[in-house]
Amino acid sequence: MNQETSPREDGELVGEILAAADLAIGRLDGRGAEEVLRADPETSQVLAECATRIGEAAREISEMMRNWASHIPWEAFEELGTSQKSDIEVERLCAFLREEFPRTRADMEEMWEPGHLRNPVDPDEEFALDKNAYDFYRPAGRDLMRRTEDFHDWVEARRRTETWQYSRVLEQAPGNNAVITNDLGRRTRGINFNSQDYLSFNAHPAIREAAAKALRDYGPHSAGSPMVLGNTTISNELEKELGELTGAEHVTLFPTGWAAGFGTIAGLVRPEDHVVIDRLAHSCLQQGARAATRNVYRYEHLSVDAVRGHLRDIRARDPRSGILVVTDGLFSVDADWPDLAALQAVCREHDATLLVDVAHDLGATGPGGSGVIGTQGMLGEVDLVMGAFSKSFASNGGFLASKSPAVKQYVKMFGGSHFFSNALSPMQTAVVLQATRIIRSPEGDELRGKLFQAIDALRDELSGRGLTCMGVPSPIVPLLIGNEKLARVTNRLLFDQGVLAFMVEFPVTPTGSSRFRLQVQAAHRPEEAREAARIIDRSIAEARSYLSSAFGNDLV
Amino acid sequence: MDRSSFPSDVLSTHFLWPHGMSYLNRWGLMDKVLAATPSHTVVNLVNEGIALSGEVPLDLLRQHFKELHQDDSGVVQRYASVRRKVLDEILVEAAVEAGAEVRQGFAVEDLLYDGDRVVGVVGRTRGGERVEERARVVIGADGRNSMVARTLRLPKHDQRPKCTFAYWSYFSGFDLTTAQLHRRGRLGMAVVPTSFGQNMTLVWGPSEWSKEFRGDIQGNFHKALDFISPEIGELVRTSGRREERFFGTLDQAAFLRPLAGPGWVLVGDAECFKDQCTATGMTYAFRDAELASTAIHSWLAGERPLDEALNDYRSRRRSQVAAAYYDYTCTLAEMQTLRHDELQLFVALRSNQDETNRLIATHADIAPVSEFFQASNLFLLNDAAKQSSDAFPIFNDFENTTKSYRQNLFA
Numbered sequence: 001m002n003q004e005t006s007p008r009e010d011g012e013l014v015g016e017i018l019a020a021a022d023l024a025i026g027r028l029d030g031r032g033a034e035e036v037l038r039a040d041p042e043t044s045q046v047l048a049e050c051a052t053r054i055g056e057a058a059r060e061i062s063e064m065m066r067n068w069a070s071h072i073p074w075e076a077f078e079e080l081g082t083s084q085k086s087d088i089e090v091e092r093l094c095a096f097l098r099e100e101f102p103r104t105r106a107d108m109e110e111m112w113e114p115g116h117l118r119n120p121v122d123p124d125e126e127f128a129l130d131k132n133a134y135d136f137y138r139p140a141g142r143d144l145m146r147r148t149e150d151f152h153d154w155v156e157a158r159r160r161t162e163t164w165q166y167s168r169v170l171e172q173a174p175g176n177n178a179v180i181t182n183d184l185g186r187r188t189r190g191i192n193f194n195s196q197d198y199l200s201f202n203a204h205p206a207i208r209e210a211a212a213k214a215l216r217d218y219g220p221h222s223a224g225s226p227m228v229l230g231n232t233t234i235s236n237e238l239e240k241e242l243g244e245l246t247g248a249e250h251v252t253l254f255p256t257g258w259a260a261g262f263g264t265i266a267g268l269v270r271p272e273d274h275v276v277i278d279r280l281a282h283s284c285l286q287q288g289a290r291a292a293t294r295n296v297y298r299y300e301h302l303s304v305d306a307v308r309g310h311l312r313d314i315r316a317r318d319p320r321s322g323i324l325v326v327t328d329g330l331f332s333v334d335a336d337w338p339d340l341a342a343l344q345a346v347c348r349e350h351d352a353t354l355l356v357d358v359a360h361d362l363g364a365t366g367p368g369g370s371g372v373i374g375t376q377g378m379l380g381e382v383d384l385v386m387g388a389f390s391k392s393f394a395s396n397g398g399f400l401a402s403k404s405p406a407v408k409q410y411v412k413m414f415g416g417s418h419f420f421s422n423a424l425s426p427m428q429t430a431v432v433l434q435a436t437r438i439i440r441s442p443e444g445d446e447l448r449g450k451l452f453q454a455i456d457a458l459r460d461e462l463s464g465r466g467l468t469c470m471g472v473p474s475p476i477v478p479l480l481i482g483n484e485k486l487a488r489v490t491n492r493l494l495f496d497q498g499v500l501a502f503m504v505e506f507p508v509t510p511t512g513s514s515r516f517r518l519q520v521q522a523a524h525r526p527e528e529a530r531e532a533a534r535i536i537d538r539s540i541a542e543a544r545s546y547l548s549s550a551f552g553n554d555l556v
Numbered sequence: 001m002d003r004s005s006f007p008s009d010v011l012s013t014h015f016l017w018p019h020g021m022s023y024l025n026r027w028g029l030m031d032k033v034l035a036a037t038p039s040h041t042v043v044n045l046v047n048e049g050i051a052l053s054g055e056v057p058l059d060l061l062r063q064h065f066k067e068l069h070q071d072d073s074g075v076v077q078r079y080a081s082v083r084r085k086v087l088d089e090i091l092v093e094a095a096v097e098a099g100a101e102v103r104q105g106f107a108v109e110d111l112l113y114d115g116d117r118v119v120g121v122v123g124r125t126r127g128g129e130r131v132e133e134r135a136r137v138v139i140g141a142d143g144r145n146s147m148v149a150r151t152l153r154l155p156k157h158d159q160r161p162k163c164t165f166a167y168w169s170y171f172s173g174f175d176l177t178t179a180q181l182h183r184r185g186r187l188g189m190a191v192v193p194t195s196f197g198q199n200m201t202l203v204w205g206p207s208e209w210s211k212e213f214r215g216d217i218q219g220n221f222h223k224a225l226d227f228i229s230p231e232i233g234e235l236v237r238t239s240g241r242r243e244e245r246f247f248g249t250l251d252q253a254a255f256l257r258p259l260a261g262p263g264w265v266l267v268g269d270a271e272c273f274k275d276q277c278t279a280t281g282m283t284y285a286f287r288d289a290e291l292a293s294t295a296i297h298s299w300l301a302g303e304r305p306l307d308e309a310l311n312d313y314r315s316r317r318r319s320q321v322a323a324a325y326y327d328y329t330c331t332l333a334e335m336q337t338l339r340h341d342e343l344q345l346f347v348a349l350r351s352n353q354d355e356t357n358r359l360i361a362t363h364a365d366i367a368p369v370s371e372f373f374q375a376s377n378l379f380l381l382n383d384a385a386k387q388s389s390d391a392f393p394i395f396n397d398f399e400n401t402t403k404s405y406r407q408n409l410f411a
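Chains as they are written, first to last, in the numbering used here: chain Y, 1 to 556; chain X, 1 to 411.
Simulated from the structure, these hints should not be mistaken for laboratory data.
This structure is a prediction, so every number in the text was calculated from the model and none was measured.
Backbone N, C-alpha and C define an ideal beta-carbon position, used for all residues, glycine too.
Check the hints yourself; a few may be wrong.
Stated by the list, open to error - Restricting the straight-line Cα-Cα distance to at most 30 Å, the calculated cross-link-like pairs of lysine-lysine (DSBU-like) are:
#: 1; chain 1: Y; residue 1: K131; chain 2: X; residue 2: K211
#: 2; chain 1: Y; residue 1: K131; chain 2: X; residue 2: K85
#: 3; chain 1: Y; residue 1: K240; chain 2: Y; residue 2: K408
#: 4; chain 1: Y; residue 1: K412; chain 2: Y; residue 2: K240
#: 5; chain 1: Y; residue 1: K450; chain 2: Y; residue 2: K213
#: 6; chain 1: X; residue 1: K156; chain 2: Y; residue 2: K131
#: 7; chain 1: X; residue 1: K403; chain 2: Y; residue 2: K131
#: 8; chain 1: X; residue 1: K211; chain 2: X; residue 2: K403
#: 9; chain 1: X; residue 1: K66; chain 2: X; residue 2: K32
#: 10; chain 1: Y; residue 1: K450; chain 2: Y; residue 2: K240
#: 11; chain 1: Y; residue 1: K403; chain 2: Y; residue 2: K240
#: 12; chain 1: X; residue 1: K156; chain 2: X; residue 2: K223
Unchecked claim - If you only want the chain X side, here are some residues facing chain Y, beta carbon under 10 Å, derived:
#: 13; residue: D327
#: 14; residue: Y328
#: 15; residue: L380
#: 16; residue: E399
All chains, please: the whole structure from these sequences, using the hints.
Set out below in structure tokens:
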């Protein structure tokens, strides 16, 4: 098809119609057809030509476009320029411009030049809301320092628009209520679901006294690796208590929970070995696995069948190497847990070893604070139990527990993060020891009872409002939002409305499944939890209205 | 009721992803379509010269249908680009054969109400006769500019004004066999064999460049092809014969509308419009047709109240997975230059066919966005990469090249 015989492109025709109509309106200058025909022959001529241009363009519009732009009354346009008589054309055109054209003009302009090209938006907010952290994961360039600047620009845009949920600071102890400052220096007070202190030990007198006593007895500093001289007699007592709590008596302490997860895997797994890991397992476990071997298999969340499939495949081709199966106990942003008995049984069938991270459940759930393992009647049955103190034990730190003294010694030597870190401070150790003792006492049961009353109140109120609480009742209440923009705007609104909540998005959650992770404390009163739920619901509705969003539970 | 008389054409990418073809197969119509249009399973993606080929895996298709429809019968891995003047007629004939009364050349002009409830339509035959029809439910399958939605003054939600401009035509004279989807800088190109021995040949870019592009549509069309893929650009210029005029659109801002209310339901583009860049419109129309008709059937059969049935339709269409894919398409439609990490990922995928296939399935909304674009998966893909980026010139001077890409090529 050569260019001369080819009909014009539809957009061009729409542009032609708009241009001819505008020319005619300008020349008419508010006059009617009769007046122009009587007194202004030159304009009459121009108007007749405009009518011809509009009619010709409309008749040239493709069938495709007619069927697509079915809201435009093309027939009314087509009648123009068909009469051969200029005065009739002028009259028709004037009637058309008076009646039909004003109704369709905006729609046609949208086809010719869409509104967003005419009305620019706030570029900062757009930049802040449109990107994800992972967009900056592989920066380009040989200058390692300079290439971090793109990410920094984005963080600055998020900060300016108050949608940066990170790096907030506390002005006082993180209790059930807290006063915080965001990183623009703006202060707020609210019901606090932003701290992880499930049993409210941070304010417990016996815990504070334990810290004070250790400070008096040993000073603030452990002054060495636990392999050298960093541990105290409190450390030995703590290992013993933890062994009893977990049902696995050989315990190794680590300076952080992250170090415990990473160090355990790095200590035990070698490049020829295999790691089969729940795809939502904690970052320290994922990174430990990747650091230890390239043979990493992510399995469908919680699926014992998927684990079985992987183990069968691996064993069919590699009967000699080790296999570590890795899962969280309570998953930290989904609030669900695996069937540990089934997982452990599958591992035994294939000579694989099971590692369970109990960071979020130990102490706060289960009989006597024994966590998911205790709840499922698996105390003493799981190969490797790893955990952190930062949720229910009021301190930094982590541990690995097993029934094997050999595993203990081996991970201490080869885990890296145990040997080559300063030991927990005496105060931290004393705090965790005291916390463990309370957890195992009747007072622990009472605290867990209060904690679950608040959890139930929060989940009931949120669910009753049509919002989606993921997982099962636990100190983590994940409130699903989904869309990142909606979550970021809700987060901005919540800041000023009396609820402190942490919004999680990629890379913590997969793309498109952002959520609020509400972390409940024993000190939260049920009414306080319900009030928070009402405020959150209101903020989501406001954010949805701000973004005019129809996704999610609260449908129009 | 349709204002057109069939066969009739309409602006469209004409593309049916494998789930779209699967619906046709489930309805017993795929063979008729395949008699008139070529189909394939392999898709070729080329981003900044990094080529990936793959097909949508059957297991992901099955899973998709099971989750959405609780029934995975009839799924196929084929895709096709089929002209609407072929496809729509097949659909109309099938509707008639199934017992529906189809009125062609009938323009619906208004709705009938009983209070707030829609109880029918008012329309006009081609001969000009005014007709009223009453109905228990009115379904607006009337596209982006839905008359039903406009008459009901339905709001638009989640509007994403940033979109692409797209220009295309139909070329004969060459055969690239399978679908080619290429990107370079802020431009994209697709060449897909379609009905009548022609190739749907499409270029697109950010709509803020549209004004300059349309200054010389033919010239810039070829300029864009040459820029994105010099080989394909030359092939189209030297061997291609353009069979029709150029078509174009730059009004592709995405939105959602409420999709059901008292006496009315919307399906397809009428309830959710997205940019052409993922070419999912026709596939979605079929999906909505099956979801909405299943819901309405369950009501007509007395199995459950209409509201309950429509809530089911609504919850599937406004689900978490749907929202994530909506964002995916809208972000893609901005046509930003490909990021360094994205290009590294494409290189990594060259040695990983399973994940390449999953990327294609994700791109087509068959596998959930959240499963592919998940940190632990992306880290693993990077770790497992066997190919280095050395072979691809884009990495030589990435920063400056990217900067140059931001200049409007048509200015």
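Hints, verified against the model:
Under the criterion of a C-alpha separation no larger than 30 Å, the hint pairing K131 of chain Y with K211 of chain X is consistent with the structure, at around 27 Å. The straight-line distance between the Cα atoms of K131 of chain Y and K85 of chain X is roughly 40 Å, outside the 30 Å bound, and the hint therefore fails. Of the pairs offered as hints, the one joining K240 of chain Y and K408 of chain Y holds, with about 13 Å between alpha carbons and a cut-off of 30 Å not exceeded. Our distance criterion of 30 Å between C-alpha atoms is met by K412 of chain Y and K240 of chain Y, whose separation comes to about 16 Å.
Between the alpha carbons of K450 of chain Y and K213 of chain Y the distance comes to roughly 28 Å, so the proposed pair stays at or under 30 Å and holds. Pair hint K156 of chain X plus K131 of chain Y holds up; C-alpha atoms about 23 Å apart against a cutoff of 30 Å. Distance check on the hinted pair: K403 of chain X and K131 of chain Y sit about 18 Å apart at the alpha-carbon level, within 30 Å; holds. The straight-line distance between the Cα atoms of K211 of chain X and K403 of chain X is roughly 21 Å, inside the 30 Å bound, and the hint therefore holds.
Distance restraint check for K66 of chain X and K32 of chain X: the Cα-Cα separation of roughly 25 Å lies within the 30 Å cut-off, and the hinted pair is therefore satisfied. The straight-line distance between the Cα atoms of K450 of chain Y and K240 of chain Y is roughly 28 Å, inside the 30 Å bound, and the hint therefore holds. For the given pair, K403 of chain Y sits about 12 Å from K240 of chain Y by alpha-carbon distance, which is consistent with the 30 Å threshold. The suggested pairing of K156 of chain X with K223 of chain X is violated, with an alpha-carbon distance near 36 Å, which exceeds 30 Å.
Interface hint status for D327 of chain X: upheld, as the beta-carbon distance to the closest one in chain Y is roughly 6 Å, under 10 Å. Checking Y328 of chain X against chain Y by beta carbon gives a least distance of about 8 Å; that is within 10 Å, so the hint holds. With its C-beta approaching chain Y no nearer than about 6 Å, L380 of chain X sits inside the 10 Å limit, and its interface hint holds. Satisfaction of the interface hint for E399 of chain X is found here, the shortest Cβ-Cβ separation to chain Y being roughly 6 Å, below the 10 Å cut-off.
Hints 2, 12 from the earlier list are contradicted by this structure; the remaining hints agree with it.
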